[in-house]
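First to last, the protein sequences are chains W and L.
If you count the first sequence from 1, position 282 lands on 282 in the numbering used here, and the numbers rise without skipping.
Take any residue in the second sequence, count from 1 to its spot, add 1000: that is its number in the numbering used here.
Rather than coming from a laboratory, the hints here were simulated on the basis of the structure.
Mixed in with the good hints, there may be bad ones.
Calculated cross-link-like contacts (lysine-lysine; reagent style DSSO-like; alpha-carbon spacing at most 27 Å) [to be verified]:
hint	chain 1	residue 1	chain 2	residue 2
1	W	K43	W	K110
2	L	K1185	L	K1074
3	L	K1185	W	K228
4	L	K1185	L	K1110
5	L	K1215	L	K1079
6	W	K228	L	K1026
7	W	K88	W	K8
8	L	K1111	L	K1185
9	L	K1033	W	K8
10	W	K228	L	K1060
11	L	K1074	L	K1060
12	W	K228	L	K1033
13	L	K1185	W	K8
14	L	K1177	L	K1026
15	L	K1118	L	K1177
16	L	K1177	L	K1130
17	L	K1033	L	K1079
18	L	K1079	L	K1185
Just so you know, these numbers come straight off a predicted model, no measurement behind them.
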Amino acid sequence: MKKGKSKKGKYILTVAFTCLGFAIAILVNLLFPQISENVNFAKYNVGAFELDGNGLLRIVLLALIAGYAVFGIIDYHDEARRAAYINKASFRFVMGLLIGLLDITGTKLKVLPQPFFPGPAEILSPFLEEFDFILTNTFYSLRLYFFGFLFGVLLGVGTGILVGWFDRVYYWVYPVLKITGVIPAVAWMPFALTLFPTPFISAVFLIVICAWFPIASLTAAGIQSTPKAQYEAARILGGNAVYQLFHVAIPHAMPQIFTGISTANAFAFTTLVMAEMLGQPGGLGYYINLSKVWSAYYKVFAAILIMAILFSAILKLIGRLQDHVLRWQRGIVK
Amino acid sequence: MSESVLTIENVNRLYDDGERQVEALKDVNLELKRGEFVSIIGASGCGKTTLLRLIAGLDKINTGSIVFNGEPVKEPNYKRGYIFQQHNLFPWLTVEQNVAAGLKARHVFKKNKDKIQKYIDLVGVTGFEKSYPHQLSGGMSQRVAIARALINEPELLVLDEPMGALDSFTRADIQDKLLEIRAEKNLTMLLVTHDVDEAIYMSDRIVIMTPRPGKISEIIDVNIPHPRNRGGAEFLALRRSLLDRFDLANAHPEPEYMI
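Use the sequences and the hints to build the structure in full.
And the structure:
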């Protein structure tokens, strides 16, 4: 009993340690004097409150503290998650300290080269200044990504299955795939912008193209590497060609299809932002470009922050889907 | 023991090994009666597996004919079940999904759903329905493979050394299970094996094949009543005589079978 209690006590200390870094960042923001005079925090009305960048930073830090405290309590009851939480404690603590340090060097003292390295409070202030505009652009990016990637995956898997399954299609399509696939999708941009009726469709086209190649070639490879013995097992059981394709070849190719999807996803993010920077009426890339023109680097950072969060979330989602579809591999592949 | 299930007549099979044509099978004749258990033994390269693949319809005959239930064999058919050397289960399907694969393949899944559990119980893998093949031992996997073949209710079950990779206890277990199933369903079974004891323990007849060219050299009736005692006098006498035959019949300088 006593041992359990001391373990629990130690864990509470770990949770406190995790949150301490962010708490220090709050104290730094509150107590460290604003020495540089090159900063001007405008106040904005958010609901009933009046808020500036510093206020938002403190709220975000408080939210992080609350979040890590709540997750700390939840994770306590699961041994693996508890171990992971303990493992990450030092990193999170240092993250908090780092935010405080950036606050001092970027905003309070402005010793970093300006205006390229604003402090965290300044990076957050665009969310007060033009939240709706950022939101609109984020949704534009999301919509572009969604349609582009969805059609890219469908087209890629479809092409890959045909190329992998039918020798004739392989003969005629695979060389084309090999040659056009290595061309970065953005190279097609001049054509895309002139050939398609709207910039949105032309950007979707570019993302489809960039996702198509890795998915198609890996799907084809997965289908072609299906062992003959597994087809034979299916034939013996009474499975016709359609059964062999959908119940043997495609499931066998599934791990490689997901490898293709992950690769394509990285390409899609790049193409998405490039396309937006070079000729879209909206999106996070467009927002970055627009802000750069006005030397508003704190807005560039704000957009980068959203990308980091958004793209990580998308990766995580795909990872979850992959874990579910490939659950039969659990224990074979680490 | 009268009706003929499978008739093999003057079957020849050639294959190209890149330089010349090899006679994998030469003038093979064999008839299987319903409910019969026949084993094929012989040295490596005598065409045992080739013959099984022809019977299954996985490969094509060059000359001669194989007739199953009055119809010449052209394609694989679920009425001729096949157990592979390696279990060959689908790794992305659970045990019960693997067992159900034949029903799905033949589009009769809905009607026969309740059979799945029956066959899982029959081969003795109850409790592992939701496991994936890589979580199972070799013996368990081979049991699942047997259930997967049996759910199609084949009339002939062809077994290509399915117990070769298993330890002797598991092997004895599965041998008894197969004999039990055969008696219950009056199923015809054709087993290729490397194990003389296994052949004697299970078979009504033992076919001995010799290599280069692969052909049947002898067919021996086994008239020992079931259940057979592996240490019984008749059993041991037959075993000795089989092993002697192999020393003579075998083209290899070293005997392939060890006592």
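So, going through the hints one by one against the coordinates:
no. : hint               : verdict
1   : W:K43 to W:K110    : 21 Å, holds
2   : L:K1185 to L:K1074 : 26 Å, holds
3   : L:K1185 to W:K228  : 31 Å, violated
4   : L:K1185 to L:K1110 : 23 Å, holds
5   : L:K1215 to L:K1079 : 26 Å, holds
6   : W:K228 to L:K1026  : 26 Å, holds
7   : W:K88 to W:K8      : 17 Å, holds
8   : L:K1111 to L:K1185 : 21 Å, holds
9   : L:K1033 to W:K8    : 73 Å, violated
10  : W:K228 to L:K1060  : 16 Å, holds
11  : L:K1074 to L:K1060 : 7 Å, holds
12  : W:K228 to L:K1033  : 31 Å, violated
13  : L:K1185 to W:K8    : 62 Å, violated
14  : L:K1177 to L:K1026 : 34 Å, violated
15  : L:K1118 to L:K1177 : 14 Å, holds
16  : L:K1177 to L:K1130 : 22 Å, holds
17  : L:K1033 to L:K1079 : 15 Å, holds
18  : L:K1079 to L:K1185 : 13 Å, holds
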